[in-house]
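Residues in the sequence shown are numbered consecutively from 5, following our numbering.
You may find that some hints are simply not true.
Have a look at the derived ranges for each label pair, beta carbon to beta carbon [unchecked claim]:
| no. | residue 1 | residue 2 | range |
| --- | --- | --- | --- |
| 1 | I129 | M55 | 52 to 60 Å |
| 2 | F77 | V119 | 29 to 37 Å |
| 3 | L50 | L135 | 18 to 26 Å |
| 4 | G78 | I108 | 19 to 27 Å |
| 5 | V53 | F138 | 19 to 27 Å |
| 6 | I129 | S46 | 21 to 29 Å |
Honestly, the hints are just simulated from the structure, not real lab data.
Source: prediction; values computed, not measured.
The C-beta atom is built at its ideal place from N, Cα and C for all residues, glycine as well.
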Amino acid sequence: MPTPQTPRSASQRPLSPHLQIWKWSMNMALSIFHRASGIALSVGTLMLVWMLVAAAGGSESYQGFHGFAVSWFGQLCLFGWTGALFFHMCSGVRHLIMDTGRMITIPAAEKAGMVIFIVSIALTIGTWGCLKFFY
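Start from the sequences and build out the full structure, keeping to the hints where you can.
So, in structure tokens, the structure goes:
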């Protein structure tokens, strides 16, 4: 047992709870997905830069990007990037609304979370539906 003069060792310090201990809630999931979508947007932006550089490089250069973009993996990446974009945007709007003092109770925040998931999925599917229908 440490005395007031001796410091406690690192192994005797209290540990903060890990995510596995907490009961999952909508707000926890939204926070994690918001951060993950921000990372996905950053990675997806590299694909946008690739497209712009390829377009500036000429027809042969752009054909390489186009071959990837129309492949099943390229389409999956673009679909995921679109979903991340809409989710991050909807979550950002939710944060702006919460900054005004609205939706700060737990039930209201959880209801807004469900709306964010539904709206972002609908926007993603709607965007890709329009792209596939018109192009």
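Do the hints match the structure? See the list:
1. At about 23 Å, the beta-carbon gap between I129 and M55 misses the expected band of 52 to 60 Å.
2. Between F77 and V119 the CB atoms are about 31 Å apart, so this pair conforms to the stated range of 29 to 37 Å.
3. At about 21 Å, the CB distance of L50 to L135 agrees with the hint of 18 to 26 Å.
4. The hinted window of 19 to 27 Å between G78 and I108 is violated, with their beta carbons roughly 41 Å apart.
5. At roughly 26 Å, the beta carbons of V53 and F138 sit within the given window of 19 to 27 Å.
6. Between I129 and S46, the C-beta spacing of about 23 Å keeps the proposed range 21 to 29 Å intact.
The structure does not agree with the numbered hints 1, 4 stated previously, though it agrees with the rest.
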